[in-house]
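2 protein chains.
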Amino acid sequence: MSQPTLTNAELIEAWPLLSDEERTEGFSLLERSDAEDLFDQLDARQQSELLRAIPATARRGWMRYLDPDDAVDLIQEAADEERPALLDLLDPGTRREINALLAYAEDEAGGLMSPRYARLRPNMSTDEAIAYLRRQTRQTAESIYYAYVVDADQHLLGVVSLRELVTSPPQQAVREVMATDLITVGEDTDQEELSNLFAQHDLMAIPVMDEDGRMKGVVTVDDIVDVFREEATEDIHKIGGTEALDAPYLEVAFRELLTKRIGWLAGLLMLGVAAVLSLSYFEEQLQSATALALFVPLIIASGGNAGTQATTLVVRAMALEEVRLRDWSRVIRREITVGLVMGAILGTLGVGIVLGWHLVGTGLSGTPPFGDHYPQLAMTIGISIVTVALWGTIAGSMLPFGLRALNLDPASSSAPLVATIVDATGLVIYLMIALFILKGTML
Amino acid sequence: MSQPTLTNAELIEAWPLLSDEERTEGFSLLERSDAEDLFDQLDARQQSELLRAIPATARRGWMRYLDPDDAVDLIQEAADEERPALLDLLDPGTRREINALLAYAEDEAGGLMSPRYARLRPNMSTDEAIAYLRRQTRQTAESIYYAYVVDADQHLLGVVSLRELVTSPPQQAVREVMATDLITVGEDTDQEELSNLFAQHDLMAIPVMDEDGRMKGVVTVDDIVDVFREEATEDIHKIGGTEALDAPYLEVAFRELLTKRIGWLAGLLMLGVAAVLSLSYFEEQLQSATALALFVPLIIASGGNAGTQATTLVVRAMALEEVRLRDWSRVIRREITVGLVMGAILGTLGVGIVLGWHLVGTGLSGTPPFGDHYPQLAMTIGISIVTVALWGTIAGSMLPFGLRALNLDPASSSAPLVATIVDATGLVIYLMIALFILKGTML
Numbered sequence: 001m002s003q004p005t006l007t008n009a010e011l012i013e014a015w016p017l018l019s020d021e022e023r024t025e026g027f028s029l030l031e032r033s034d035a036e037d038l039f040d041q042l043d044a045r046q047q048s049e050l051l052r053a054i055p056a057t058a059r060r061g062w063m064r065y066l067d068p069d070d071a072v073d074l075i076q077e078a079a080d081e082e083r084p085a086l087l088d089l090l091d092p093g094t095r096r097e098i099n100a101l102l103a104y105a106e107d108e109a110g111g112l113m114s115p116r117y118a119r120l121r122p123n124m125s126t127d128e129a130i131a132y133l134r135r136q137t138r139q140t141a142e143s144i145y146y147a148y149v150v151d152a153d154q155h156l157l158g159v160v161s162l163r164e165l166v167t168s169p170p171q172q173a174v175r176e177v178m179a180t181d182l183i184t185v186g187e188d189t190d191q192e193e194l195s196n197l198f199a200q201h202d203l204m205a206i207p208v209m210d211e212d213g214r215m216k217g218v219v220t221v222d223d224i225v226d227v228f229r230e231e232a233t234e235d236i237h238k239i240g241g242t243e244a245l246d247a248p249y250l251e252v253a254f255r256e257l258l259t260k261r262i263g264w265l266a267g268l269l270m271l272g273v274a275a276v277l278s279l280s281y282f283e284e285q286l287q288s289a290t291a292l293a294l295f296v297p298l299i300i301a302s303g304g305n306a307g308t309q310a311t312t313l314v315v316r317a318m319a320l321e322e323v324r325l326r327d328w329s330r331v332i333r334r335e336i337t338v339g340l341v342m343g344a345i346l347g348t349l350g351v352g353i354v355l356g357w358h359l360v361g362t363g364l365s366g367t368p369p370f371g372d373h374y375p376q377l378a379m380t381i382g383i384s385i386v387t388v389a390l391w392g393t394i395a396g397s398m399l400p401f402g403l404r405a406l407n408l409d410p411a412s413s414s415a416p417l418v419a420t421i422v423d424a425t426g427l428v429i430y431l432m433i434a435l436f437i438l439k440g441t442m443l
Numbered sequence: 001m002s003q004p005t006l007t008n009a010e011l012i013e014a015w016p017l018l019s020d021e022e023r024t025e026g027f028s029l030l031e032r033s034d035a036e037d038l039f040d041q042l043d044a045r046q047q048s049e050l051l052r053a054i055p056a057t058a059r060r061g062w063m064r065y066l067d068p069d070d071a072v073d074l075i076q077e078a079a080d081e082e083r084p085a086l087l088d089l090l091d092p093g094t095r096r097e098i099n100a101l102l103a104y105a106e107d108e109a110g111g112l113m114s115p116r117y118a119r120l121r122p123n124m125s126t127d128e129a130i131a132y133l134r135r136q137t138r139q140t141a142e143s144i145y146y147a148y149v150v151d152a153d154q155h156l157l158g159v160v161s162l163r164e165l166v167t168s169p170p171q172q173a174v175r176e177v178m179a180t181d182l183i184t185v186g187e188d189t190d191q192e193e194l195s196n197l198f199a200q201h202d203l204m205a206i207p208v209m210d211e212d213g214r215m216k217g218v219v220t221v222d223d224i225v226d227v228f229r230e231e232a233t234e235d236i237h238k239i240g241g242t243e244a245l246d247a248p249y250l251e252v253a254f255r256e257l258l259t260k261r262i263g264w265l266a267g268l269l270m271l272g273v274a275a276v277l278s279l280s281y282f283e284e285q286l287q288s289a290t291a292l293a294l295f296v297p298l299i300i301a302s303g304g305n306a307g308t309q310a311t312t313l314v315v316r317a318m319a320l321e322e323v324r325l326r327d328w329s330r331v332i333r334r335e336i337t338v339g340l341v342m343g344a345i346l347g348t349l350g351v352g353i354v355l356g357w358h359l360v361g362t363g364l365s366g367t368p369p370f371g372d373h374y375p376q377l378a379m380t381i382g383i384s385i386v387t388v389a390l391w392g393t394i395a396g397s398m399l400p401f402g403l404r405a406l407n408l409d410p411a412s413s414s415a416p417l418v419a420t421i422v423d424a425t426g427l428v429i430y431l432m433i434a435l436f437i438l439k440g441t442m443l
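Chains as they are written, first to last, in my numbering: chain W, 1 to 443; chain B, 1 to 443.
The set of hints was computed from the structure by calculation and includes no laboratory data.
Backbone N, C-alpha and C fix where the C-beta goes; we use that ideal spot for every residue, glycine too.
Some hints could be false.
[To be verified] Simulated pairs of lysine to aspartate or glutamate, DMTMM-like, Cα-Cα distance not exceeding 20 angstroms: (1) B/Lys260 to W/Glu322; (2) B/Lys216 to B/Glu97; (3) W/Lys439 to W/Glu283; (4) W/Lys260 to B/Glu243.
[What the hints assert, rightly or not] Facing chain B, according to a computed beta carbon distance under 7 angstroms, are these residues of chain W, among others: (5) Trp15; (6) Leu157; (7) Gly158; (8) Leu162; (9) Glu164; (10) Ala199; (11) Arg229; (12) Thr233; (13) Thr259; (14) Leu279; (15) Ser280; (16) Thr290; (17) Val296; (18) Ile353; (19) Thr441.
Isolated chain W, as found in the complex (with noise of 0.2 angstroms):
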């Protein structure tokens, strides 16, 4: 990292391999623009590591070069004890709006809002409008694309885009510009249900109001981009049976790493001793006939395999807002019908495989695998597929609806814990079909 030749690019690609020594010193030898250019594609955890390990007296530099929202994030991901120092290097008035923003969790809107936007009074003209704007740069850092029509209490009337202000007429009053049908979210709207507003209404910028109607902030999309992000890995790290990472992969912690894992693994685990209590429970048929025990895993994975997949489907339905919780009986009634003709498909091949495994084995050492009993069989795997793989189905698509409903997180119904639910209860299903088929027979 001595090497001074090193491009920008360059040193955040390697970025994640460098230990702090050496991002203190490569960030050093940039030029000021290079630096900022590196500083503005950092993520807030980022910046706040880094500025931890420049000189002090560099620090204050970087802290006031942050948009006020961009501040937060960063103080948000220091440690509780480093907080005051970092606030202590704004600029008072910066520091009280940022302040007021560290009331808000990161999460819901306010916490996602800049303070910091452009006003305009309705009876403006639109070259008062432009002439005004560019008197307040400063303050209209984030949002200039968007100037807010507000009246002396802060109450929004309207919203008019710089374009259009561009591009009227020069004497026309703001008032007949803006745009007055809106959408604006509450302080506290979760950043989940922000996301897709932005998706569905195609919208640059959406204001935040507080109880009274007055308004306090603006979220811009490029603020969204980040939590689109952010949502969609949380809810994949769930769906595959982990606590949602805070951090990219190999910049994790290998601690948590392995608390994000381990937890969900030994809980699972001890929900899979229902299974070993189920092939118990029918010790003695899998003793006299132990054809069936073979067939356990591929029984087990047929119903874990189908409520995987009803799973998923319904878990991001949900987070996209397609399926809300009233839905569940038009979803449920989707699922039965695609879990019984999937179920009939897979059944069939499941005859398919044993009558197969018959022939071949038969025709390889002269006595069939299974005995003579080898059709009653068939159709006990058959049947045993078409209802296990029916009730994964049915049991994956309603747990997310059973975790809405207790106002848990759906994404908790992972690919992990629903094949583990599905695993004992199947084996039940089977062995109970394979004791009404097969008694008298193989048992």
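Chain W is already provided as a structure; the job is to place chain B on it using the hints.
The following block gives chain B in isolation, referenced to the frame of chain W:
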């Protein structure tokens, strides 16, 4: 649907539930401005369906209402035989633009870009530039937030934001205000790479260049928001073992829902026969020690769950470009360490389960459920869980790398696929360990 009192929001809410006739009727009852709002909020597929349903006389107005990149999306959603008729509704200039755009794939930069962007010359003053932009509003519909400074051959020299134009001294040359360190993409840049660029650099728009460095159009962040959701949805569907659905869960046709799910399930069922074969190879041992059969679900679940975690973490990290192909050795080192520690914890739990079972079983029935050799059985289960969990972690984390190396989609390394692969191999590991430890005692 005959009450004209239905609001715009209610109509959108009810949209998926309505028949084509109800949609047409509802839409026709709206005032023009409400109808425009509704039309804007529909996605390209829904717009295309609506256009098919409304009277032919109304179609022309709606096709011409759309920006070129949105019109392209709509036409791409229509059936091949309907496209010429839709193109004929456009004015000749727009039709030429759109025919050019239709040559690009939907999921690459050329297919997402708008060909209309604001062009400036480097020697204009900022005042001239603003006046010039005022005159060319139609040409600049999408992207007037940025104006692109090009030479006579359409080579891109720099970019200036409308904000910078408005806030710079009126007589300053555009050349002095523009930024020149630009991020651009080629026409065939994939949408996933494009969305990563937007996220990493917090951009509002990215210019698209042809091979000769001429600017062809611009992709804006609001177009990319949908891409983010689509890409994440596709990955989640694949992780769950389903081919990605093309439409929201409740709207997708039953036939598609079925065909996108049964293929993987049927394939996995056939692959699952490997686990049955593994077990049957050890049939003799299973017969003499039924307890071994009882723990089959627990052993394969440990491997499957650990593998599911590892594969989803790696698949997501690859999608976010946090992990690249060359990082495989760093990933495998992490996963071996995590897998060993998790395996040790789970293995200890496994030993506890067998010993606890022994104690409870003996207490309840008077006879030890696993006979006298329960310590050996506990050791077998413990060591098997350590080994199979470690193996699942390694297999799950490396499969996405294998797929990427073969230029396949890493997200195809789904939870069910990893679980099924680990099932068969894990059983062989389990029963080999059992043979080794229990030889001479239970076996």
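Quick rundown of the hints versus the structure:
1. This hinted pair checks out: B/Lys260 and W/Glu322 have alpha carbons roughly 19 angstroms apart, not beyond 20 angstroms.
2. Among the hinted pairs, B/Lys216 with B/Glu97 is consistent with the structure: their alpha-carbon atoms are about 11 angstroms apart, no more than 20 angstroms.
3. With a C-alpha separation of about 15 angstroms, the suggested pair W/Lys439 and W/Glu283 falls inside the 20 angstroms cut-off, and the hint holds.
4. Between W/Lys260 and B/Glu243 the CA atoms are separated by roughly 28 angstroms; this puts the pair beyond 20 angstroms, and the hint is violated.
5. Residue-level restraint check for W/Trp15 is violated (minimum Cβ-Cβ distance to chain B is 11 angstroms; threshold 7 angstroms).
6. With a least beta-carbon distance of about 18 angstroms to chain B, the hint placing W/Leu157 at the interface is violated under the 7 angstroms criterion.
7. Of the supplied interface hints, the one on W/Gly158 is violated, with its beta-carbon coming no nearer than about 15 angstroms to a beta-carbon of chain B, more than 7 angstroms.
8. Because the beta carbon of W/Leu162 sits about 5 angstroms from the nearest beta carbon in chain B, less than 7 angstroms, this interface hint is met.
9. With 7 angstroms as the threshold, the beta carbon of W/Glu164 stays out of range of chain B, its nearest partner Cβ sitting at about 10 angstroms, so the hint is violated.
10. Look at W/Ala199: its Cβ gets to within about 5 angstroms of chain B, closer than 7 angstroms, so that hint holds up.
11. Below 7 angstroms, beta-carbon pairs count as interface contacts, and W/Arg229 has one with chain B at about 6 angstroms; its hint therefore holds.
12. Interface hint status for W/Thr233: upheld, as the beta-carbon distance to the closest one in chain B is roughly 6 angstroms, under 7 angstroms.
13. Hint status for W/Thr259: violated, given a least beta-carbon distance of 10 angstroms to chain B, over 7 angstroms.
14. Nearest Cβ of chain B to the Cβ of W/Leu279: about 5 angstroms, under the 7 angstroms cut. The hint holds.
15. Because the beta carbon of W/Ser280 sits about 5 angstroms from the nearest beta carbon in chain B, less than 7 angstroms, this interface hint is met.
16. Hint on W/Thr290 holds. Least Cβ distance to chain B is approximately 5 angstroms, under the 7 angstroms limit.
17. About 5 angstroms separates the beta-carbon of W/Val296 from the nearest beta-carbon of chain B, less than 7 angstroms, and the hint is met.
18. For W/Ile353, the suggested interface contact is upheld, since its CB lies about 6 angstroms from the closest CB of chain B, less than 7 angstroms.
19. About 19 angstroms separates the beta-carbon of W/Thr441 from the nearest beta-carbon of chain B, more than 7 angstroms, and the hint is not met.
When the structure is compared with the earlier hints, violations turn up for hints 4, 5, 6, 7, 9, 13 and 19 and for no others.
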